[in-house]
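K.L.:
Chain residues, written in single-letter form:
2 protein chains.
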Amino acid sequence: MKPVNIGIVGLGTVGGGALNLIRDNAEELSRRTGRTITVSHVGVRRPRPDLTALGIVVSADIMSVVQDPAVDIVVEVIGGITDARAVVMAAIANGKHVVTANKWLLAEHGNEIFAAAEAKGVHVAFEAAVAGGVPIIKVLREGLAANRIDWLAGIINGTGNFILTEMRDKGRDFEDVLVEAQALGYAEADPAFDVEGNDAAHKLTIMASLAFGVPLQFSKVFMEGITKLTRDDVAYAEELGFRIKHLGIARQSAKGIELRVHPTLIPQDRLIANVNGVKNAILVQSDPVGPTLYYGAGAGAGPTASAVVADVVDLVRALTAEKLHSVPHLAFMPHAMANTPILPMEEVVTAYYLRLQALDRPGVLADVTRILSQHGINIEAILQKPADDAAGTVPVIILTKLVVEREMNAAITELQALTEIVAPVTRIRMETLA
Amino acid sequence: MKPVNIGIVGLGTVGGGALNLIRDNAEELSRRTGRTITVSHVGVRRPRPDLTALGIVVSADIMSVVQDPAVDIVVEVIGGITDARAVVMAAIANGKHVVTANKWLLAEHGNEIFAAAEAKGVHVAFEAAVAGGVPIIKVLREGLAANRIDWLAGIINGTGNFILTEMRDKGRDFEDVLVEAQALGYAEADPAFDVEGNDAAHKLTIMASLAFGVPLQFSKVFMEGITKLTRDDVAYAEELGFRIKHLGIARQSAKGIELRVHPTLIPQDRLIANVNGVKNAILVQSDPVGPTLYYGAGAGAGPTASAVVADVVDLVRALTAEKLHSVPHLAFMPHAMANTPILPMEEVVTAYYLRLQALDRPGVLADVTRILSQHGINIEAILQKPADDAAGTVPVIILTKLVVEREMNAAITELQALTEIVAPVTRIRMETLA
Chain L
8 MKPVNIGIVG
18 LGTVGGGALN
28 LIRDNAEELS
38 RRTGRTITVS
48 HVGVRRPRPD
58 LTALGIVVSA
68 DIMSVVQDPA
78 VDIVVEVIGG
88 ITDARAVVMA
98 AIANGKHVVT
108 ANKWLLAEHG
118 NEIFAAAEAK
128 GVHVAFEAAV
138 AGGVPIIKVL
148 REGLAANRID
158 WLAGIINGTG
168 NFILTEMRDK
178 GRDFEDVLVE
188 AQALGYAEAD
198 PAFDVEGNDA
208 AHKLTIMASL
218 AFGVPLQFSK
228 VFMEGITKLT
238 RDDVAYAEEL
248 GFRIKHLGIA
258 RQSAKGIELR
268 VHPTLIPQDR
278 LIANVNGVKN
288 AILVQSDPVG
298 PTLYYGAGAG
308 AGPTASAVVA
318 DVVDLVRALT
328 AEKLHSVPHL
338 AFMPHAMANT
348 PILPMEEVVT
358 AYYLRLQALD
368 RPGVLADVTR
378 ILSQHGINIE
388 AILQKPADDA
398 AGTVPVIILT
408 KLVVEREMNA
418 AITELQALTE
428 IVAPVTRIRM
438 ETLA
Chain A
8 MKPVNIGIVG
18 LGTVGGGALN
28 LIRDNAEELS
38 RRTGRTITVS
48 HVGVRRPRPD
58 LTALGIVVSA
68 DIMSVVQDPA
78 VDIVVEVIGG
88 ITDARAVVMA
98 AIANGKHVVT
108 ANKWLLAEHG
118 NEIFAAAEAK
128 GVHVAFEAAV
138 AGGVPIIKVL
148 REGLAANRID
158 WLAGIINGTG
168 NFILTEMRDK
178 GRDFEDVLVE
188 AQALGYAEAD
198 PAFDVEGNDA
208 AHKLTIMASL
218 AFGVPLQFSK
228 VFMEGITKLT
238 RDDVAYAEEL
248 GFRIKHLGIA
258 RQSAKGIELR
268 VHPTLIPQDR
278 LIANVNGVKN
288 AILVQSDPVG
298 PTLYYGAGAG
308 AGPTASAVVA
318 DVVDLVRALT
328 AEKLHSVPHL
338 AFMPHAMANT
348 PILPMEEVVT
358 AYYLRLQALD
368 RPGVLADVTR
378 ILSQHGINIE
388 AILQKPADDA
398 AGTVPVIILT
408 KLVVEREMNA
418 AITELQALTE
428 IVAPVTRIRM
438 ETLA
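Line by line, the protein sequences are chains L and A. Positions 8 to 441 (the working numbering) are the ones given, in order, by the first sequence. Positions 8 to 441 (the working numbering) are the ones given, in order, by the second sequence.
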């Protein structure tokens, strides 16, 4: 079967990320879709002889990408709304499917764009428009399709959340952190879009339509930014058991739909209150599933490209397979399953928590550490508690660094054989996670 | 267009939940799919005259559901593996699509089942098999399709997590909490499936296949339960900055794939360390998106039915629409969009945090509380801080109960007019969330 040809309009952070991802993960994408996916044409102002050398057509005129008969799917990642709208509408008119990361465009012109796509029989996909790599569009549209959604509340601007996290953790002032966020490249080109709430309002507009089945209505979103928050407010809220987050909230109440972006005090013990730094999270309350939460990176080349290319995979699967089999049962094509071995537990490498119940006498710790050392097991921490029973034995807790399970099994056998160790050794594995 | 007919095999907690959900949300489901979805036939041992009266065929012989020519989609929710396998294989042989919540069946016989489904050209959907209402199957298979998955770690047995949460929060013993979990109806019929890790291992088997593109290999999962954990271990781990969770971990390492279920120490500040009670969460580390997390109810009639009916919606959409348009752009069919009004902010009801900078003189608080009271605003908490500037003014922080924004706006205008209030009133909205 012939490759599916992708045209990318815009090669900034997101476009470059998508190009690299399609090329780097080509084999994996083919295992998932049964097709070869090729970037055949890019629209970018500056010449890119490196791409031309790879056989990719490079056009300074972005419109030539959407007019290229060889292009099957147009990825619009130039941003802004004027050129982006022209590109998307022309792509639709030319019968091409579109993938866009452009929340501003959709919040302002999505109704027109989706109507045109439906009239023309093409699809406009936009997973990357909200919360970057977190697949919240798919969740709202498909995963929660059986639910009536009551409300959703999201941390959907990473820059704003980074600023609030720094203000709380380090007692810093808003202005000070904003300058750092810009230096780190987190802030949008116009930082007002982050801190005044426009960016969050664009994303909220899109999520509210998916949640409640209403047209996109960006102009009706209430917006209040975080520019006036003081570190005193952050500290007082904390003292009262609350944390301040800049939330986008959409709620269906008896009288109508609430659409609002504003700083919000929420109880500290909520999971979403503990989403820190540039991360995004969306909490959805719906019936009958109850609260569910979706968390991850909301911006950046990799996360956004992850969402753009997931949309490409969806389209390629739909273009290729019978409609009931567009998604393989086990995610990969049956003929492309791997025979990677499953490791026996003895070969797994982890860190460990050990608890030894030892006689309270000199030399015990020396024996224990000698045995661990002989098995190449390094100690991360030791905690010896006071004697806790009439027999005068003491619990010794040891955290180890990474070691292969086989060595740990052997070490535990030897530890167990020590006369000073009076109860079975407790061993619990440890993981750092992320 | 004729209705899509659903046959449900098994009317226990999950089957009853699915039946109710399809009936209660019928209009919403039709707005999302463009079709009427009807439960036409149920297989259940006891007679159900209440269902017969609704025009639903009720068969004591479950096989007659899968043999009914009018049934388009079979929902298998009898549990166990012997009868369930017979039902699913017969449904496939009869050319019917299948939705199942049965993780045990898929972990043990999924390879055979999916091969049969592919040969016959039908689809077997199983979102409900892992983490109940959290759409983790769709996330792994579609949402993260552009990623190489490095590892995933999940709290995927709610009973086990409830027990560990109680042991930590209340210093209770394992046995004691297990008895309560059974009384509360959390535990599986055979509690060993929860606390020894079988249930988690079934789910991990399924997720690992989707993540790494390997066949289902339940027999190779390493399993260690939580039955030997003591409250001392839980407390020592806490003292060292860790929390113990019963995790299912699948990791692709250089040598092969790790599949393991065991108690695990993880740093307290990780988001997944703060998933408490019967909730489930899955943390996925993949490239390029980085860590993402999915959280929600992992069991119960409502959450499981949410996933079962989401699968039904997927199938109905695929059976109905052109393949590129099976999912409407904005989740609902274009002709079925609602014109629910968007509420002006003045009509939104929330609680508030107010910070007033007041002259430190008698009677100020009386004036403030009088104004709030006149607008029907009840006070939840007051925090008055010591004078914080040379001018001798004091910050007064007030948390209010719920009130409509219009009244709060009016109250703030009056507060601002008090001569004792020397700076603009700060107002931040508050939400309880979930």
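A portion of the hints provided could be inaccurate.
For the chain A half of the interface with chain L, some residues (derived, Cβ under 7 Å), not all of them [unchecked claim]:
id : residue
1  : A261
2  : G263
3  : N385
4  : I389
Here are the simulated lysine to any residue pairs, SDA-like style, with alpha carbons at most 20 Å apart [as the list claims (entries may be wrong)]:
id : chain 1 : residue 1 : chain 2 : residue 2
5  : L       : K235      : L       : G297
6  : L       : K227      : A       : A242
7  : L       : K262      : A       : A358
8  : L       : K262      : A       : V356
9  : L       : K127      : A       : P341
10 : L       : K227      : A       : R436
11 : L       : K235      : L       : Q189
12 : A       : K127      : A       : A77
13 : L       : K9        : L       : R92
14 : L       : K262      : A       : K392
15 : A       : K262      : L       : E414
16 : A       : K235      : L       : Q423
17 : A       : K408      : L       : Q275
18 : L       : K262      : A       : I349
19 : A       : K262      : L       : N346
20 : A       : K127      : L       : H342
21 : A       : K9        : A       : I63
22 : L       : K227      : A       : E412
23 : L       : K408      : A       : K9
24 : A       : K392      : L       : E421
25 : A       : K392      : A       : Q364
26 : L       : K408      : L       : I389
27 : L       : K127      : L       : D183
28 : L       : K392      : A       : A358
29 : A       : K408      : A       : V432
30 : L       : K235      : L       : A199
31 : A       : K127      : L       : N118
32 : A       : K408      : L       : E245
33 : L       : K227      : A       : Q364
34 : L       : K392      : A       : A242
Distance windows between CB atoms, simulated [to be verified]:
id : chain 1 : residue 1 : chain 2 : residue 2 : range
35 : A       : E387      : L       : D374      : 53 to 61 Å
36 : A       : E387      : L       : G192      : 39 to 47 Å
37 : A       : A373      : L       : K177      : 34 to 42 Å
38 : L       : G248      : A       : T420      : 23 to 31 Å
39 : L       : V429      : A       : R179      : 40 to 48 Å
40 : L       : S226      : A       : E387      : 47 to 55 Å
Please keep in mind that the hints were generated in silico from the structure rather than gathered at the bench. Each residue gets a CB set at the ideal place from its N, CA and C atoms; glycine is no exception.
K.L.:
State for each hint whether it applies.
P.N.:
For each hint, the structure was consulted:
no.	hint	in the structure
1	A261	10 Å, violated
2	G263	4 Å, holds
3	N385	16 Å, violated
4	I389	10 Å, violated
5	L:K235 <-> L:G297	34 Å, violated
6	L:K227 <-> A:A242	51 Å, violated
7	L:K262 <-> A:A358	18 Å, holds
8	L:K262 <-> A:V356	11 Å, holds
9	L:K127 <-> A:P341	14 Å, holds
10	L:K227 <-> A:R436	18 Å, holds
11	L:K235 <-> L:Q189	18 Å, holds
12	A:K127 <-> A:A77	18 Å, holds
13	L:K9 <-> L:R92	30 Å, violated
14	L:K262 <-> A:K392	39 Å, violated
15	A:K262 <-> L:E414	17 Å, holds
16	A:K235 <-> L:Q423	17 Å, holds
17	A:K408 <-> L:Q275	18 Å, holds
18	L:K262 <-> A:I349	9 Å, holds
19	A:K262 <-> L:N346	12 Å, holds
20	A:K127 <-> L:H342	16 Å, holds
21	A:K9 <-> A:I63	16 Å, holds
22	L:K227 <-> A:E412	16 Å, holds
23	L:K408 <-> A:K9	63 Å, violated
24	A:K392 <-> L:E421	60 Å, violated
25	A:K392 <-> A:Q364	10 Å, holds
26	L:K408 <-> L:I389	12 Å, holds
27	L:K127 <-> L:D183	50 Å, violated
28	L:K392 <-> A:A358	47 Å, violated
29	A:K408 <-> A:V432	18 Å, holds
30	L:K235 <-> L:A199	13 Å, holds
31	A:K127 <-> L:N118	40 Å, violated
32	A:K408 <-> L:E245	18 Å, holds
33	L:K227 <-> A:Q364	32 Å, violated
34	L:K392 <-> A:A242	12 Å, holds
35	A:E387 <-> L:D374: 53 to 61 Å	59 Å, holds
36	A:E387 <-> L:G192: 39 to 47 Å	41 Å, holds
37	A:A373 <-> L:K177: 34 to 42 Å	38 Å, holds
38	L:G248 <-> A:T420: 23 to 31 Å	29 Å, holds
39	L:V429 <-> A:R179: 40 to 48 Å	26 Å, violated
40	L:S226 <-> A:E387: 47 to 55 Å	34 Å, violated
Hints 1, 3, 4, 5, 6, 13, 14, 23, 24, 27, 28, 31, 33, 39 and 40 from the earlier list are contradicted by this structure; the remaining hints agree with it.
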